[in-house]
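> Below are the chains, spelled out letter by letter.
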Amino acid sequence: MLSGDEWQIVRLSLWVSGIAVLAALPLSVALAWLLARVRFPGKAIVDGVIHLPLVLPPVVIGWLLLIAFGLNGPIGSRLHDWFGVGFVFHWTGAALAAAIMALPLMVRAIRLSIEAVDPRLEGAARTLGAGRWRTFRTVTLPLSVPGIVAALVLGFARSLGEFGATITFAGNIPGETRTLPLAIYAQLQVPGMDAAVMRLAAMSVALSLAALVASEVLTRRGAFGAGAHVL
Amino acid sequence: MSFDIDVRLRRRDRDIGARFRSDGGLTVVTGPSGAGKTSVLMMIAGLIHPDAGHVRIGEATLFDKAARVDVPPERRRLGYVFQDARLFPHRRVLANLLYGYRLAAPGHRWMEPDQAIDFLGLGNLLDRWPRSLSGGEAQRVAIGRALLSGPRALLMDEPLGGLDPTRRDEVMRAIERIRDELRVPILYVTHDRAEATRLATHTLTLG
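Protein sequence lines, in the order shown, are assigned to chains L and E.
Quick note on numbering: the first sequence equals residues 191 to 421 in my numbering.
Quick note on numbering: the second sequence equals residues 4 to 210 in my numbering.
Note that these hints are calculated values from the structure, not bench results.
Ideal placement from N, C-alpha and C gives every residue a C-beta, glycine not left out.
Accuracy of the hints is not assured; some may be wrong.
Which chain E residues face chain L? A few, computed with CB under 7 Å, are given here [what the hints assert, rightly or not]:
(1) Ala48
(2) His52
(3) Pro76
(4) Leu106
(5) Ala107
A few chain E positions that, by computed beta-carbon distances, are all more than 12 Å from chain L [said to hold, decoys possible]:
(6) Val72
(7) Trp113
(8) Glu198
Chain E regions said to be covered by chain L (calculated; three or more residues, Cβ under 8 Å) [as the list claims (entries may be wrong)]:
(9) 77-87
(10) 91-100
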């Protein structure tokens with residue numbers, strides 16, 4: 191089975207991906223709601239920018255993150271001065287890169303789910319005394335749970351596989367930013383490490399498959415009442 | 004308690020609107036389909052915004068274009084009963100009933116959950132999911148949910164629309180008792196003449 195170092199790599203991958211999706215979730219829900227329910231000028235541009243990580247080369251995202259969140263970047267320098275938070279060569283950088291790469295998938299899943307909520311139910315809630323925010327919390331959000339679960343699992347699986355943006359932005363530091371794909375890449379550079387590569391690759395396949403199966407199972411559950419289906 | 008309504012909505016092809024006064028009881032709003040009956044109710048409820056006019060119910064001005072009054076729907080205290088019941092599918096019957104009750108200020112509530120459950124015969128439905136209810140049951144729950152939100156009046160949009168004759172009668176009896184025993188002012192949209200004759204204290208024709 192895996193060596194101690196390799197388990198450490200798996201643990202780091204799970205940790206980075208978990209933090210990434212949890213951090214991306216509130217923003218994803220907010221953006222999804224905005225895109226699903228609000229008309230505003232420049233919506234197409236916002237929609238496009240959110241989807242950029244899906245189509246841009248990840249190395250470009252990594253480079254942009256470096257410019258913005260690096261030690262001399264406009265956001266990175268302030269975060270460092272005010273809160274002492276650093277991203278470059280740090281696991282938080284790997285999590286940030288993974289979160290950005292997962293965001294479009296998460297927004298998409300949640301948006302579809304919010305769009306599937308009947309707006310007339312929201313109208314009914316309003317006439318019963320619920321303001322916009324309460325209507326969102328008590329009607330829209332609970333009815334979007336299947337999409338949110340799907341988004342979490344999808345984002346998690348995407349984060350586990352994140353490579354290009356991470357290695358560009360956070361580096362490939364053992365024990366800090368060296369997640370599964372980066373470790374596999376590193377081992378591939380060393381002759382005679384085929385067995386190690388195979389073990390790590392197998393672990394990648396297992397984790398991704400588990401995430402996808404979990405997403406499938408979770409979205410099929412979570413229905414209301416007998417014979418009900420939400421997705 | 005009186006309705007003083009004057010709402011106009013400009014649509015691309017034509018104007019929709021209604022202008023009437025009515026002093027309580029059950030006012031049937033009738034007219035051919037497409038005359039904008041539902042839009043009128045939604046304007047009164049604040050779910051769509053009229054381009055002009057006013058909505059006054061009793062002492063309260065809920066909308067007045069000229070005076071720039073536009074009370075949001077959640078503070079209009081108008082119980083809306085939709086044709087399709089529109090129960091929250093993720094809440095059981097009891098939680099649906101209590102949704103508006105819990106949001107209403109204690110001073111605005113005029114009916115307790117036990118009373119409403121008794122009044123509408125909902126006692127054996129409380130643990131059920133909305134999807135498992137018949138059309139008539141769902142509509143009675145929707146009426147109870149609206150009553151418990153402490154409304155000053157009820158707006159009913161073809162509440163018997165999707166029901167078969169037996170269920171229609173069951174819901175119609177409940178509406179008559181609300182009119183006669185609870186004495187809640189009701190605006191009632193329908194295009195069914197028999198229904199209008201049986202329920203109306205006033206009638207108003209649109210279109």
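> None of the hints should be skipped; say for each whether it holds.
Structure-based check of each hint:
1. Residue-level restraint check for Ala48(E) holds (minimum Cβ-Cβ distance to chain L is 5 Å; threshold 7 Å).
2. Annotation: interface hint on His52(E) violated; nearest CB of chain L at approximately 13 Å, more than 7 Å.
3. With 7 Å as the threshold, the beta carbon of Pro76(E) comes within range of chain L, its nearest partner Cβ sitting at about 4 Å, so the hint holds.
4. At its closest, the beta carbon of Leu106(E) sits 4 Å from a beta carbon of chain L; the interface hint therefore holds under the 7 Å criterion.
5. The beta carbon of Ala107(E) is positioned within 7 Å of a beta carbon in chain L (closest approach about 6 Å), and the interface hint is therefore held.
6. With a least CB separation of 18 Å from chain L, Val72(E) remains clear of the 12 Å interface cut-off, as annotated.
7. At the 12 Å boundary, the C-beta of Trp113(E) stays outside the reach of chain L, the nearest C-beta of that chain being 14 Å off.
8. At roughly 22 Å, the least C-beta separation between Glu198(E) and chain L is larger than 12 Å, which holds for a residue marked as non-interface.
9. Here's how the stretch 77-87 of chain E fares: 9 of its residues keep a CB closer than 8 Å to some CB of chain L, so the rule of at least three is met and the hint holds.
10. Check result for the stretch 91-100 of chain E against chain L: holds, 3 residues qualifying (beta carbon to beta carbon below 8 Å, three or more required).
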